[in-house]
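Chain by chain, the residues run as shown.
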Amino acid sequence: MNTHLKLLALAAATAVLAAGAALAVPVQPAASVDLPPLPGTAFARKVQAQQREAHEQLSRLPQYTPAAWAAQDFAGMPAQKWTIVHQDITAEVVAATKTLSTTVKVTVRANKSGIQKLDFVSLEISDATVLDADGNELTATTEAAGQGYGMLSITLPAPLTVDQDQTFEVTSKAVLDCNGDEGLMSCSFDSSFKSVVLVRYYLWSAVSSYSPFTSDLHVITAADEVAAAPGVPSGPVKLESGKLIWSFAQEEITDNAGFSIAEYEPLVVDAKGDLPTVRVYAIQPSADNAQTMADLGQQIIAAYGGWFVKFPWQGLNMIQLANNFGGGYAPLGAAFLYGEVFGMEPSDQDYGQWQSTVELIAHEIAHQWWGNLVAPLGAGNVCLSESLSEFASCLYTETALDNRSQILGDNLSYIFTVPDASDRPMTSSTVYYSAAYIQIIYHKGAVVFDMLRRELGDEVMLKSLSAYAQKYHRDYAKVEQLRAVLEETSGQDLGWFFKQWFSGKGAIRAHLAARFLPQDDGTWTVRFQVTQKAENLKRFQLVLAIDLADGKTEERVVEIAPSATETVVLAEVQVPSQPVRVRADPQRLLLRAFTVTTPGDVNLSGLVDGRDLVDMAIRHGRGVVFTAKNGNDYFMPDTGFNEIYDVAPDNRIDIDDVDTLIPWAGVEAEPF
Amino acid sequence: MLPIPRRSRSALSRLAAATIVVTPLLWSCSNNQTDTGSGTETDATAGADDGSISNGALPAFQASTPATGARVDLEGGWDDASKHVRVRLYVAGFANLLGLAGHLRFDPSALKLTALTGAPVPLGPSKDTLTWEARTMAKESPAGRVLLGGARFRKKPNPYVGPEGAVVDRELWVTLEFEVLQPGTHTIAFDPASTTARNDGNEEVSATWGSGQIVWKQGGVK
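These protein sequences, in sequence, are chains Y and F. Residue numbers 1 to 672, in this note's numbering, belong to the letters of the first sequence in order. Residue numbers 1 to 222, in this note's numbering, belong to the letters of the second sequence in order.
For the record, the hints were derived by calculation from the structure and aren't laboratory data. Model, not experiment: these values are computed from the prediction. Among these hints, one or two may not hold up.
To be verified - Pairs of lysine to any residue residues, derived as SDA-like cross-links and limited to a Cα-Cα distance of at most 25 Å, are as follows:
no. : chain 1 : residue 1 : chain 2 : residue 2
1   : F       : 156       : Y       : 33
2   : F       : 156       : Y       : 31
3   : F       : 127       : Y       : 659
4   : F       : 155       : Y       : 41
5   : Y       : 81        : Y       : 41
6   : F       : 156       : Y       : 34
7   : Y       : 629       : Y       : 640
8   : Y       : 629       : F       : 133
9   : F       : 156       : Y       : 145
As the list claims (entries may be wrong) - Partial chain F-side listing against chain Y, Cβ under 10 Å, derived:
no. : residue
10  : 96
11  : 98
12  : 138
13  : 141
14  : 158
C-beta: ideal position from N, C-alpha, C; glycine also.
Go ahead and model the full structure; you've got the sequences and the hints to work with.
Here's what the structure looks like:
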């Protein structure tokens, strides 16, 4: 324990003893820890995957606001002079030189007259040749744009005809830059996998950073290799050279067209009922475990399909990549995942491997709904993709694995690792630039949706998300639109909730006190007090588990709804016999950090006595800061940690807390 | 170590302090001292052992019927050295005890608590103080109610290892000394609603919480 803190705590204890009464000023909670997750844990693996996924987040988000909103099928995008309708892409890589050769037949459509020059963003290509539909070579120039990308400008002999599709064929080569150590590996070449996942090797309109299109992808491989990509596969077709062409049809409008080549042994599990075809692309020895992955994929899809809407695409391709990919990435109709998870089985419980595998896959599959079916409009709405996907994943693990460790870990991560300076509202357009982006969007976001679920009830929550998916399918959405759907479905005004949790920063940070008052009829009143700071007043429903002397437990829910200036809220509940302990939010349903107003009264009995000591013993050793053998401190989302017991605040419950508590024996809650 | 300051002394205790060298009842968590007593406890019916007792029989302590199984026993008697009734609480018969607590009550108009010391309980028979340490809470608040608690803690805890209860055959928990203010029969007992004994699974352990009476049939200590 920090010596300074210890002295402060002991000084506080001494003051109590000297005064012989309760302190009005409670012990303040420990500061957030700016620590990395404990390496080797399931949580650390998850955070690493999320960090890598998040690294790519910004580039995938449309950065504009449509002039005409709420149209279907992405028609809400701003009118552009011309758009890409379809791309037929043939790709071949040479691993030794990391050279990607492509032939892209791009079909464009003019929306306005006078379009005679087409500017595309592409890789920094060389040897570019552009032909029109008749095979005539067109004038094209290329220009480097930095970071491996460039501009391709095609000058047409005559303007495009409005509303008439026209196709050009662009053949080029580019050397890929696969360096990257923060995000998901954009491309990777090793002895097992040749993958091009996040490189935009196709063409996209220079007018917009997001110009989705339907596509057919053809990947050329060696005779002993198999290609995997999003879309409906066909082939292979054998070329005279002995090479193979693998094709993937993407009928949906999207711009995700990554692929990977390896000695995959695909397992295809056919569509059945509402379940789509699931294809698992894994290499040996993981390929032997493909059925486990397929089963898991289908189980997750079945759950989401029941909760949200039926799986919207023709199939899901689960594609194994090298471990250096580091996490998961979910383009439309696929999930690229780092290699290790494909070898996991439900029996792999040591160090939480199966749990973290399910969490990752459930998160990525959730993106088929949240991020692909309904896309967030801009960075300020990224929670509609990542928070909702993490929430869905938490809901799945809670249901399927029968534990809440994922949502609890997310909760603790936000509460204990986000300094005020890094905090942002979830809907802040700059949230991505916060050092705590993962904790705010992934972790807090999931808990916020889970709290909304508690507020509305499971049935209304899922019904609302289903309605939202139906209303905005194949479209962009904003948080306000999700709120409107939720309010319409629930019949509740959720303005306060969205203002508090989406537009506002922070969490519930409250001091708690309780007193037990005997009544003439033999029953008891539990009087409960919640104190918040004026600048961070939060409204919430608080579950109280009240343990009685007879061994029974009574559960009550109290509404904490402070007015704008009300820092102290009182509540009273009746119980049939003498209470001995109150456990506030015992399941940690709330995004909160509680402390006790009466120092040492960790069990909220209104009196510091031996029961507090025994309760402390049960929690002893719990903490969200873990000192590893190397002597370094790390964050660890210990779901058994309860900050109320951290009376000598250092984010762990240790003997210092016990020794701080004991001198407080006999202190009683101030009357209220 | 939880000694409480002695309160204003009675004439008897002042005399005792003047004539008898009292071994301080200091408890250490590290050396596991046990209470060896500071004087001789005397059966009250045996009569006075020095001239300081003015008349009549000495106060005596009568424990409730001894129980078996998991229990907290009260034992005691007149202590010549302190000239008070000394009562000891023993924790015994637990197969898995992580902690226990309770409020010990008495009539403060009849009994005055003059000393209160706690021993670290529960530690278990091996007294493995490299691995374990225990803490005891013992405080009178207000007069007539003694808040007691004892629990054990792993010395090098971490989230991967949970609490572990101790096997407690018999361990001294708390020693109390009373000045008897009035003749009569004065009960010392736990408030039933306040007691708890829990194992390392946070389960309540059924236990017998003993009681006793300080009986002073006649006369007074001047």
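Hints versus structure:
no.: 1; hint: 156(F) <-> 33(Y); result: holds, 21 Å
no.: 2; hint: 156(F) <-> 31(Y); result: holds, 23 Å
no.: 3; hint: 127(F) <-> 659(Y); result: holds, 20 Å
no.: 4; hint: 155(F) <-> 41(Y); result: holds, 24 Å
no.: 5; hint: 81(Y) <-> 41(Y); result: violated, 51 Å
no.: 6; hint: 156(F) <-> 34(Y); result: holds, 24 Å
no.: 7; hint: 629(Y) <-> 640(Y); result: holds, 21 Å
no.: 8; hint: 629(Y) <-> 133(F); result: holds, 22 Å
no.: 9; hint: 156(F) <-> 145(Y); result: violated, 57 Å
no.: 10; hint: 96; result: violated, 13 Å
no.: 11; hint: 98; result: holds, 5 Å
no.: 12; hint: 138; result: holds, 8 Å
no.: 13; hint: 141; result: holds, 3 Å
no.: 14; hint: 158; result: holds, 6 Å
Consistency note: the structure conflicts with the earlier hints numbered 5, 9, 10.
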